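From first to last, the protein sequence lines stand for chains A and B. Per my numbering: the first sequence ends with 264, consecutive numbering throughout. Per my numbering: the second sequence ends with 260, consecutive numbering throughout.
Because the hints were derived from the structure by calculation, they are not lab data. Keep in mind that a hint or two might mislead.
[Claimed, not checked] BS3-like, lysine-lysine: derived pairs with alpha carbons at most 25 Å apart: (1) B:Lys227 / B:Lys193; (2) B:Lys227 / A:Lys257; (3) B:Lys242 / B:Lys227; (4) A:Lys257 / B:Lys242; (5) B:Lys248 / A:Lys257; (6) B:Lys168 / B:Lys145; (7) B:Lys145 / B:Lys89.
Please read these numbers as outputs of a predicted model, since none were measured by experiment.
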Amino acid sequence: MLGPPAKMLDANARRLRLRPPFEHLLLHVFAPPSMRRFAPRRPVPGPGLRHLALEYDLVEALRPTLVVDLGAGDASSFFAYCQSMVDHDVDGTCYAVDTWTTSPGTHPEATLDAIREHGRGHYPGISYFVNMQPCEARRHFDEETIDLLRIDGTRSDVIAGADVEAWYRRVRPGGLIAWHGAADEPSLWSLLAPRCRTALFTGGRGGLGLARKEGPPATADLLALLFERNEGPDLDRFYGHLHEHLEFGRVLAATLKRPPSGPG
Amino acid sequence: MIYFPPSLRGFVNRFTVFSTWVDHLPFGYDIVHAVQPRVLVELGTQGGMSYFTFCQAIREHAVPARAYAVDTWAGDEHTGAYTDDVFRKVSEYNDANYRDFSELLRMRFQEAVLRFEDDSIDLLHIDGFHTYDAVRNDFETWYPKVAPGGVVLFHDIAARIMDFGAWKYWDELTRQHRTFTFRHGFGLGALLKPGGPPRDAPLLELLFSGDAGVESKVRALYVHAAKHVDLLRHRSAVDELKERVRQKRAAAAAGGSPTK
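Chain A with its partners taken away, still in its complex shape (with noise of 0.2 Å):
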């Protein structure tokens, strides 16, 4: 929920005599679940961990039932979300869309077996995996079911066949879609943006765009400060610090486990 009502803090503020113009009114402090508990079971190394902190409290804060991911890969944001549905008991189902073509340069983990494997070694019942392109997935999903759709905009063979006009009726009223590389990709984000309430993200490929579909007001902290507030620059400079904090815990743990290395 959001802290105090802004009348609360200012009588709180004449009590502490804080200088006007009273900027802080509307301070709020902000402990989002993944700062208090979350390290992701499983990092590939590359700019797809620089939004999972956000990704993981985006599920806390929506409980969403259905969740698609268009264009997974090697499902660093899919298992963020799988992860936060466990440890905050959310009652639904994700599904992880793409054809896994491999590559001699793919990591070992984001292969579709796996990928699979890990799916199906922690997250039963909640992860599964349609191997297929955008476009045939979409007659799978009915239209305002969706909570949560992931599009990877940074791949071409996604967006070519996302359609991204039928996958946004897709999404409920108040859903959330979550557009990698928006930043990059300003005339696809800009088919969503007039319709929907966003903010956008900086780093790893291209940023992350939100949107969140017409709906009922947002109640949960999170999304409330997102589109309720406005408080995307600073929520973004925030995820920034949560991003450098677990890349450091990341490479410290690697570091410590990797046998020493030869001269230089």
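Please arrange chain B on chain A, whose structure you already have, making use of the hints.
Only chain B this time, still in chain A's reference frame:
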């Protein structure tokens, strides 16, 4: 506006000794920034972990403060007696880094208190002998010296060991004053003395909001901040170790001897 404390903007403590204060370093850094003390006093400095964090904050935030560390540096029944080496190291570090605004007062608290005017201390940290009577005596003796609007910190208010009684006295204080309680790191209490000039200090507003939801989040934020600083410290240590290994190997390779 979302509160994003100074300690999460790249703070790494420059001075480290073994101390249970380690979990409060980010808050110690931020409270100096928030209070902007003209006079800061610490009662019970021992190895200097908290005191030099305050000093680092004074330096890095360019606070026009005078800082005083009061201790006999002889130890007590709780810490055990310690050698003069502890004072020597604190003194050397202070001289090397903060002598322009920081002064070590090697004496008993009741002697030092005579040096301060009433209503003159903006930030007081009480971390001396931890029995109920001792903490109460320290507070009652020094509270008149605290300026209106000043903040008093109490360490070890969650410690239930030996004959520690800081927790019990703190519990009494919370019923009489505006306070905030951190439970991690053996506990740290913050008490606001009423009055004083208007302040532009978001941290103080959050600490003393009186709203349980806000207080819970502030506690969580500073538990995280402590973990973050700990992580940075470990990373620095690993980086230094790697650099030493690299240099050793490079020297060995240049000399033609096998590396180990």
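Tested hints:
A distance of roughly 30 Å separates the Cα atoms of Lys227 (chain B) and Lys193 (chain B); the hinted pair therefore is violated under the 25 Å criterion. Of the pairs offered as hints, the one joining Lys227 (chain B) and Lys257 (chain A) holds, with about 20 Å between alpha carbons and a cut-off of 25 Å not exceeded. The suggested pairing of Lys242 (chain B) with Lys227 (chain B) holds, with an alpha-carbon distance near 22 Å, which does not exceed 25 Å. For the given pair, Lys257 (chain A) sits about 14 Å from Lys242 (chain B) by alpha-carbon distance, which is consistent with the 25 Å threshold.
With a CA separation close to 21 Å, the supplied pair Lys248 (chain B) and Lys257 (chain A) stays within the 25 Å bound. For the suggested pair Lys168 (chain B) and Lys145 (chain B), the alpha carbons sit about 23 Å apart, so the restraint of at most 25 Å is met. Restraint check for Lys145 (chain B) and Lys89 (chain B): not satisfied, since their Cα atoms lie roughly 29 Å apart, outside the 25 Å limit.
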